[in-house]
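Novice: As a plain string of letters, each chain reads:
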Amino acid sequence: MSAFNGSAGGPGGVIEALESLKKRWKLPDWNDGARIWPLLVVCVTVGWAIWSALYTVPSDSVAIVQRFGKYLKTVPPGLHAKIPFGIETAVILPVKRQLKQEFGFATPGSEDLDQGGRADEAEAVAQMVTGDLNAALVEWVVQYRISEPLRFLFEVRMPKETLRYVSESVMREVVGDRTVDEVITVGRQDIENEALVKMQALSRKYAIGVSIDQVQLKDINPPKPVQASFNEVNQAQQEKEKLINEARRAYNKVVPLAMGEKDQRIREADGYRIRRINEAEGDAARFNALFIEYKKAPEVTLRRIYIETLQDILPGVKGKIIVDEATAQVLPLLNLSSNGQTP
Amino acid sequence: MNTRLIILSLFLAGVYLVNDSVYTVGEVEQVIITQFGDPVGKPITTAGIKVKMPFIQEVNPIDKRILEWDGNPSDMPTKDKLYISVDLFARFRISEPLQYFLRLRDERSAQSRLDDILGSETRNAVAKHQLIELIRTTKDRKPSSTFPPGDADRSQEVGALVPISDGRLVVEEQIFDAASKKVLVFGIELLDIRFKRIHYNESVRPKIYDRMISERRQIAERFLSEGNGEAARISGDRLRDLNKIQSEAYKQVEEIRGGADAKATEIYASAYNQSREAVAFYEFTRTMESYKSILAKESTLVLSTDSDLFKYLKTMPQRGLASPH
Numbered sequence: 001m002s003a004f005n006g007s008a009g010g011p012g013g014v015i016e017a018l019e020s021l022k023k024r025w026k027l028p029d030w031n032d033g034a035r036i037w038p039l040l041v042v043c044v045t046v047g048w049a050i051w052s053a054l055y056t057v058p059s060d061s062v063a064i065v066q067r068f069g070k071y072l073k074t075v076p077p078g079l080h081a082k083i084p085f086g087i088e089t090a091v092i093l094p095v096k097r098q099l100k101q102e103f104g105f106a107t108p109g110s111e112d113l114d115q116g117g118r119a120d121e122a123e124a125v126a127q128m129v130t131g132d133l134n135a136a137l138v139e140w141v142v143q144y145r146i147s148e149p150l151r152f153l154f155e156v157r158m159p160k161e162t163l164r165y166v167s168e169s170v171m172r173e174v175v176g177d178r179t180v181d182e183v184i185t186v187g188r189q190d191i192e193n194e195a196l197v198k199m200q201a202l203s204r205k206y207a208i209g210v211s212i213d214q215v216q217l218k219d220i221n222p223p224k225p226v227q228a229s230f231n232e233v234n235q236a237q238q239e240k241e242k243l244i245n246e247a248r249r250a251y252n253k254v255v256p257l258a259m260g261e262k263d264q265r266i267r268e269a270d271g272y273r274i275r276r277i278n279e280a281e282g283d284a285a286r287f288n289a290l291f292i293e294y295k296k297a298p299e300v301t302l303r304r305i306y307i308e309t310l311q312d313i314l315p316g317v318k319g320k321i322i323v324d325e326a327t328a329q330v331l332p333l334l335n336l337s338s339n340g341q342t343p
Numbered sequence: 001m002n003t004r005l006i007i008l009s010l011f012l013a014g015v016y017l018v019n020d021s022v023y024t025v026g027e028v029e030q031v032i033i034t035q036f037g038d039p040v041g042k043p044i045t046t047a048g049i050k051v052k053m054p055f056i057q058e059v060n061p062i063d064k065r066i067l068e069w070d071g072n073p074s075d076m077p078t079k080d081k082l083y084i085s086v087d088l089f090a091r092f093r094i095s096e097p098l099q100y101f102l103r104l105r106d107e108r109s110a111q112s113r114l115d116d117i118l119g120s121e122t123r124n125a126v127a128k129h130q131l132i133e134l135i136r137t138t139k140d141r142k143p144s145s146t147f148p149p150g151d152a153d154r155s156q157e158v159g160a161l162v163p164i165s166d167g168r169l170v171v172e173e174q175i176f177d178a179a180s181k182k183v184l185v186f187g188i189e190l191l192d193i194r195f196k197r198i199h200y201n202e203s204v205r206p207k208i209y210d211r212m213i214s215e216r217r218q219i220a221e222r223f224l225s226e227g228n229g230e231a232a233r234i235s236g237d238r239l240r241d242l243n244k245i246q247s248e249a250y251k252q253v254e255e256i257r258g259g260a261d262a263k264a265t266e267i268y269a270s271a272y273n274q275s276r277e278a279v280a281f282y283e284f285t286r287t288m289e290s291y292k293s294i295l296a297k298e299s300t301l302v303l304s305t306d307s308d309l310f311k312y313l314k315t316m317p318q319r320g321l322a323s324p325h
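Heads up: the sequence lines are chains A and B, in that order. So that you can map any letter, position 93 of the first sequence is 93 in the numbering used here, and since no number is skipped, the others follow by simple counting. So that you can map any letter, position 75 of the second sequence is 75 in the numbering used here, and since no number is skipped, the others follow by simple counting.
Don't read these hints as lab results, they were simulated from the structure. Do not take every clue at face value.
For lysine-lysine, the following BS3-like pairs were computed, each having C-alpha atoms within a straight-line distance of at most 27 Å [said to hold, decoys possible]: (1) K262/A / K244/B; (2) K296/A / K292/B; (3) K320/A / K292/B; (4) K100/A / K196/B; (5) K244/B / K205/A; (6) K311/B / K262/A; (7) K295/A / K292/B; (8) K196/B / K160/A; (9) K142/B / K198/A; (10) K262/A / K251/B; (11) K196/B / K205/A; (12) K292/B / K318/A.
Some chain A residues near chain B, calculated using beta-carbon distances under 10 Å [to be verified]: (13) A124; (14) D177; (15) V233.
What follows is a list of derived Cβ distance ranges for each label pair [unchecked claim]: (16) K96/A / S74/B: 40 to 46 Å; (17) T287/B / R265/A: 34 to 40 Å; (18) E254/B / D283/A: 20 to 26 Å; (19) D210/B / L150/A: 49 to 55 Å; (20) N60/B / I92/A: 26 to 32 Å; (21) P298/A / V302/B: 26 to 32 Å; (22) V18/B / T74/A: 18 to 24 Å; (23) R151/A / P61/B: 16 to 22 Å; (24) R157/A / D210/B: 41 to 47 Å; (25) E161/A / V15/B: 37 to 43 Å.
All C-beta atoms, glycine included, are put in the ideal place defined by N, C-alpha and C.
So here's chain A without its partners, still in its complex pose (with noise of 0.2 Å):
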């Protein structure tokens, strides 16, 4: 019995409510410790229980589950539940998902680990030794899928690790069998499908349960200290171009032009002779029409002739002087003066 009980007023009343509230909703005294540890055990388990039973399968995912560690089923995308406690495991694996590798060097904030190797490697991995005992670095990059979840969750213990040595083993093997050039230059398609053909072979052999669907190759490269003279090689490929390029504009500057001009004068010339045969023909034909007329009447044509030209001429010759022979008194003294005016 409480010393507090009715007459008392406030933190008795107070009390007294709680007390009246315990008995109605029959709850356990609040000091009847012995009770309200396994009560509350129940509620922090079944709470648990419920928590660690359900679980969502994305939709690029499927899960796997084991029970006891005996492979039980594979489960498809959404909500489901498993027995909690550790009884029933559910493994969740991506694999509708393409994921990728990438070698010789990193994209930095990847999700995946296994996607990039270890930060220092990139460099090592990208060097190589090709067929003809040079150096290249190769970047590359393998994109693949899970397409086996059970062989890849079972059969071997590190798939990821596994793919990563697979291609760089079957990188330098087809890069080994080639030429620096042919790397660099000309073999890059070659190179990217025989990798795969070779990767989708041992991947298969080694039943690590992934489809690889494509090699990529990225940057590929001589090794650093002969960058410079691997660039040499193809400046010297143009400077060669340039120079029988340009001797072969001079070429086209002059020689077509002299052919050109070669035309022009033996038309010139042609146009000469056609002058000349011409103008020759109507000479004679004019000689010829005037001899004929001249046969006709020969005396009076040449004293024509003769007058004619005379009449032309005289008129303009200023200085005119007409001697009689027979005079030989006349000292012959010319006067040549400049404008030679008859005296």
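Dock chain B against chain A, hints included.
Specialist: Frame of chain A, contents of chain B only:
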């Protein structure tokens, strides 16, 4: 109160007992049960929930999957004295778990044994072969031409594939054959060996790079000299063709002009030379023509009254013109 405590303790003890007698074997595990440290019974390879004796028996799980071994890159010389850095990987499986457990106990020692065996077999194989045998695989591969056609002789000299007799696959097989026998005793089945990385050792690289640089320089110089040579050839063509064209032009022009002159002369001759009278008439008319151009405005002429033109100045015709005066 005491009863409850006893019941609780018994209950807890019971739970603990059950917990220690029941164990799971995963899909990827095989288990050896040991009693006081020694294995009892056969290894358990099927997955599921199993029972054992509590407290005195222990569970030793061993991986059933294909395991990987990745050696550390190590430097070793080839038969032709080139120092290379070699990195292998291998796949193996624990095929005899009991033997494995007895000889090795755990994976760390297994990996270390593999390091030793595979490392030494690799060294042996590499030392017996030239470097090119480890690099190339297909014997009869012909490199595709990387320089424009017409430079066939160049592509044979520089950048030809070094010939091999065995190739990478054969060497890998040799290492595999030797090593797989040796690991069998540990209950390990070696499945596969492949070269992961082969590259020139740091100390060798400068020499290799120098060789590559001088190779490239050689190619570059050949390009330049070919370019100059071709340019000189074209320049020579230019001069030759120019001379040819110009001299042909000259020849043809002279021929035409000469022919023209000859033809004209022939025409004139046929006219002027047709008879002796024609010659005289030509001489007369031609002389008359020449007076027109010879006697210019500023000339002074002294003419005689005896000339035919001025004779009438002296005397008149007296007796008519019927007979000459």
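Novice: Now, for every hint given, state plainly whether the structure supports it.
Specialist: Cross-check of the supplied hints:
At roughly 10 Å between alpha-carbon atoms, K262/A and K244/B fall within 27 Å of each other, so this suggested pair holds. Restraint check for K296/A and K292/B: satisfied, since their Cα atoms lie roughly 26 Å apart, inside the 27 Å limit. The suggested pairing of K320/A with K292/B holds, with an alpha-carbon distance near 16 Å, which does not exceed 27 Å. Restraint check for K100/A and K196/B: the C-alpha separation of about 19 Å stays at or below 27 Å, so the hint holds.
Distance check on the hinted pair: K244/B and K205/A sit about 74 Å apart at the alpha-carbon level, beyond 27 Å; violated. Using a Cα cut-off of 27 Å, the hinted pair K311/B and K262/A is violated, with the two alpha carbons roughly 61 Å apart. Our distance criterion of 27 Å between C-alpha atoms is met by K295/A and K292/B, whose separation comes to about 24 Å. With a CA separation close to 15 Å, the supplied pair K196/B and K160/A stays within the 27 Å bound.
Between K142/B and K198/A, the direct Cα distance comes to roughly 19 Å. Compliance with the 27 Å bound is thereby established for this hinted pair. With a C-alpha separation of about 10 Å, the suggested pairing of K262/A with K251/B holds against the 27 Å cut-off. Only pairs whose Cα atoms come within 27 Å are accepted, and K196/B paired with K205/A is accepted, the gap being roughly 17 Å. Of the pairs offered as hints, the one joining K292/B and K318/A holds, with about 14 Å between alpha carbons and a cut-off of 27 Å not exceeded.
Because the beta carbon of A124/A sits about 7 Å from the nearest beta carbon in chain B, less than 10 Å, this interface hint is met. Checking D177/A against chain B by beta carbon gives a least distance of about 5 Å; that is within 10 Å, so the hint holds. Given the 10 Å rule on beta carbons, the hint for V233/A holds: about 5 Å separates it from the nearest Cβ of chain B. Our hint of 40 to 46 Å for K96/A and S74/B holds, since their Cβ atoms are close to 41 Å apart.
Restraint check, T287/B to R265/A: a C-beta distance of roughly 37 Å satisfies the suggested window 34 to 40 Å. Hint check: E254/B to D283/A, Cβ distance near 24 Å, so the stated range 20 to 26 Å holds. The hinted window of 49 to 55 Å between D210/B and L150/A holds, with their beta carbons roughly 53 Å apart. Distance hint check: the CB atoms of N60/B and I92/A are about 29 Å apart, consistent with the given range 26 to 32 Å.
For the pair P298/A and V302/B, the supplied restraint of 26 to 32 Å holds, since their beta-carbon distance comes to about 30 Å. Distance hint check for V18/B and T74/A: the Cβ-Cβ separation is about 31 Å, which falls outside the suggested range of 18 to 24 Å. Checking the proposed 16 to 22 Å range against R151/A and P61/B shows it holds: the Cβ atoms sit about 21 Å from each other. At about 44 Å, the CB distance of R157/A to D210/B agrees with the hint of 41 to 47 Å.
For the hinted restraint 37 to 43 Å between E161/A and V15/B, the CB-CB distance of approximately 40 Å keeps it satisfied.
The structure shown violates the earlier hints numbered 5, 6 and 22.
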